[in-house]
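Take a look at the letters that make up each chain.
Protein chains: 2
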Amino acid sequence: MVGAEALVRSLIASGLDVCFTNPGTSEMHFVGALDRVREMRCVLALFEGVATGAADGYGRMTGRPASTLLHLGPGLANGIANLHNARRANTPIVNIVGEHATYHRRLDPPLHSDIAAVAGAHSRWVKVSESAAQAGPDAARAVAEALAGQGGISTLVLPADSAWNEGGEVAAPLRPAPRRKVDEQRIVRAAAMLKESGSALLLNGPMLAGEALELCGRLAAATGADLLAPTQIPRIERGAGRVNVDRIPYVIEPALKRLENVRRLVMVNAVAPMAFFAYPGKPGLLTREDCELFTLAAPEEDGADAVRRLLERLGARQAAPRREPLQRQAAPSGAFTLPGIAAVIAQRLPENCVVVDESVTSGRGLIGATRNAAPHDWITNTGGSIGFAMPVAIGAAVACPDRKLLCLEGDGSGMYTVQALWTMAREKLDVVTVIFANRTYEILKGEYQNVRAGELGPRALSMLEIGNPALDWVALARAQGVEAARVRNLDEFDAELGRSLGSPGPKLIEVALAG
Amino acid sequence: MVGAEALVRSLIASGLDVCFTNPGTSEMHFVGALDRVREMRCVLALFEGVATGAADGYGRMTGRPASTLLHLGPGLANGIANLHNARRANTPIVNIVGEHATYHRRLDPPLHSDIAAVAGAHSRWVKVSESAAQAGPDAARAVAEALAGQGGISTLVLPADSAWNEGGEVAAPLRPAPRRKVDEQRIVRAAAMLKESGSALLLNGPMLAGEALELCGRLAAATGADLLAPTQIPRIERGAGRVNVDRIPYVIEPALKRLENVRRLVMVNAVAPMAFFAYPGKPGLLTREDCELFTLAAPEEDGADAVRRLLERLGARQAAPRREPLQRQAAPSGAFTLPGIAAVIAQRLPENCVVVDESVTSGRGLIGATRNAAPHDWITNTGGSIGFAMPVAIGAAVACPDRKLLCLEGDGSGMYTVQALWTMAREKLDVVTVIFANRTYEILKGEYQNVRAGELGPRALSMLEIGNPALDWVALARAQGVEAARVRNLDEFDAELGRSLGSPGPKLIEVALAG
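Quick note, the sequences are listed as chains Z and U, same order.
The first sequence begins at 0 in this note's numbering and counts up one residue at a time.
The second sequence begins at 0 in this note's numbering and counts up one residue at a time.
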């Protein structure tokens, strides 16, 4: 068996059966193995950033890694932006990066570059499989490393001769290192803090879904502590019937205000909340200076276990969490407003849908408006590298074929990975993409003021405007095989969103906020 | 003066007056300086790979660096693929990468990553400007380093507080280190080699244009040596009235055949010719085993000076170079064939135009067909990182506003940086883009066989096909403000190419090779 086939079979044996790819010559033996190893689902992208973002979305929804298959250093490089977001989400991912044959590298051919050096910036584990015999065991190790602790990115570099040579062997799965349990002293200290007033829990990662979120709801009910989450979270379960967790706003003034009464912050799988950017004369840490910050469980530790033990210590195991009621709002009508857009989306959110949110400034009212909508998952951009939502929606849709995906995307951010629409069409994914077409990098106008860059003159302003020429998102979607419509007011938006969510396959709605 | 303004003014002082950008919050002070420093032309892109490719095209045409302005690590990462090609072309480029404020980095905010580590893979010079006072001098140094020797990429990381703090100072230009002259022994040895039969010169970089190319033509005329160039070359002047240089084919068998009679290869600003990929059972070096390889001038050395001295030693300063005659071909007609497409292009090539070639398999007949066309420049993908042509055409058009640009692009490769069309429209550039829409990664079908990946079964084949759904390139262009048309045979292509080249502004022609 050639090395590439041993690698694919070892991935399957380790439970990895989805690959998002944009392959080239050095990956042909992996591609060739797909006809013999039919358990591997391979999804083609026209650009590598789509493949890596899709792997991120898949991992966030399943907790299991998908693989990518990328073409040497430049192929990996095109995927880095979305791997950056995945790293911040602690998403398990296994990158397979094809490389020149081991004996060919020394000639320094045109496509050659230092793949491992670039991979090191976002991967926790990087290895070059220097022989066909290594490929299988390395694949098993890559999966185990991706799943170890809080999860992360493994990158396995596969030289062409390691792929095509005979001598490959299928490796058995390895057991990933589990999250560490925290010691009892931390439970004792957290319990003491939560008995005081002005306490809050800052949650992230696995604490924002499932049983872990329920446990935090009990803790809040028993102690009166606030439940908070950072602005950037990998995934949260929310809406009717769920325990509510307040996300800290992105904009620094409301963020500081939200935390001004928090005197004790117990962090569970979260780190101290910081401003997304530095702004002259404003603090970097968002908590008040006298706030006591305490890590109950670091991201790599077992937060759910810690909260469970904390509940026991407090005698609060049976405390009833407060659950959000379902509330229907009146259907808004007329010209676009941000609250109106948020209300339409809240009303139309299908039960159990997954929202991938990169709406940037256009979506600022959404979190509040959807708090009492039908239960749903919400995915955010954890690393701030834009062009995130459409690729992540692909992966989430592949992971959850029985759920609707709602992808909320700015027109500026959408253009970074506009090729994602083609993969949605090719795979017939149930993704409704809403493009907020305000024809500007609107957020930068605010940031320009926030960093005190002075008067916004015409030449500076022209670098923040993308309306000349105007992008036709309906045409961009149809050109790639996705049905699309443009809406010009709330009534049209409401009707089109209902129609799009009501039938299978990918759709795009351009919300024409300008012109 | 704030650091960002000092930086922009120092770039101007060093002769750098074009910036290709996709900025974010940390770059707002650079953007703000544009209204005060009007000498800097700033060109907006919707994706960073467009900006870096444009800087590559600009540098190849002018020999001077443009700058990019990129948003932290992910912004740089999106630009790496085209920086990889620029590195292989030795194009001078100055990347300015915004970074978090120096005091904010220690909080490890979401967008933070190790920018310098990633930049090191393609940049010859990397520095972080740790204060406003450093920004100006560092900018001058970045330009000088980009121009030193054979040229290359400088990356200057600019923390937000170094940009916004007062204390910036405009720096005077620095003198770049010149190319080294080769010693006389090499002239003597090369002269001896060229007197023998079976000799050839392998040229690259600056040897393929202007006076250097003329000198090589004299050398060939005087000695009978073949003039060769690698498949991947930054830029070559060719066509009627020019000295012809044969490019070594991409496909390995014809490449080996082209070199089978070369017994002595004198390399001038070139390296030993190697196969683009390794293939099982085939050699990596393209020259015959007994071929004598000799470096007259390495890429960082002064090849033109070496050839001039060689001519003197041989007493051949006045040898008359053989110049290509102008030959018009009969206008082809009927259904698409590759020779027919090549003939249409050769006929329609405007005098003094610049061709950026990423036509991949569809353009295999082009080099031969255009040998006797009107004089023109030809730019190729030096690094093999695809999505190269449209961005590079932008930069070449900005560099040469009085010349027509013809951008030859595959449909597969074009999708990597499809956002380039918007910048062409925004800047009203004279670029005619021809998309060869064969709806497949055609080259990979050949490569699949070449690397002996076995039978091409349906699941493997589906990873090489991009026709499901079919991409509508006319719609993709119009959606971004570029006039476009689809042609279905050679007659339509000829007419449309004539029409497109005959009027100003960007155009796109989809050559519908399939369906």
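If you are wondering where the hints come from, they were derived from the structure by calculation, not from laboratory data.
Don't take every hint at face value.
Given that identical chains are not distinguished, each listed pair holds provided it fits within a single copy or across any two copies.
SDA-like, lysine to any residue: derived pairs with alpha carbons at most 25 Å apart [stated by the list, open to error]:
(1) Lys281 <-> Leu337
(2) Lys427 <-> Arg438
(3) Lys180 <-> Arg316
(4) Lys281 <-> Arg316
(5) Lys194 <-> Leu106
(6) Lys427 <-> Asp471
(7) Lys427 <-> Glu38
(8) Lys126 <-> Gly367
(9) Lys256 <-> Arg104
(10) Lys281 <-> Ala220
(11) Lys180 <-> Leu512
(12) Lys126 <-> Ala220
(13) Lys126 <-> Ala115
(14) Lys281 <-> Ala176
(15) Lys180 <-> Ala315
List in ascending order the numbers of the hints, as given earlier, that are violated by the structure. Of the numbered hints given earlier, those the structure breaks are 1, 4, 5, 8, 10, 11, 12 and 14, listed in rising order.
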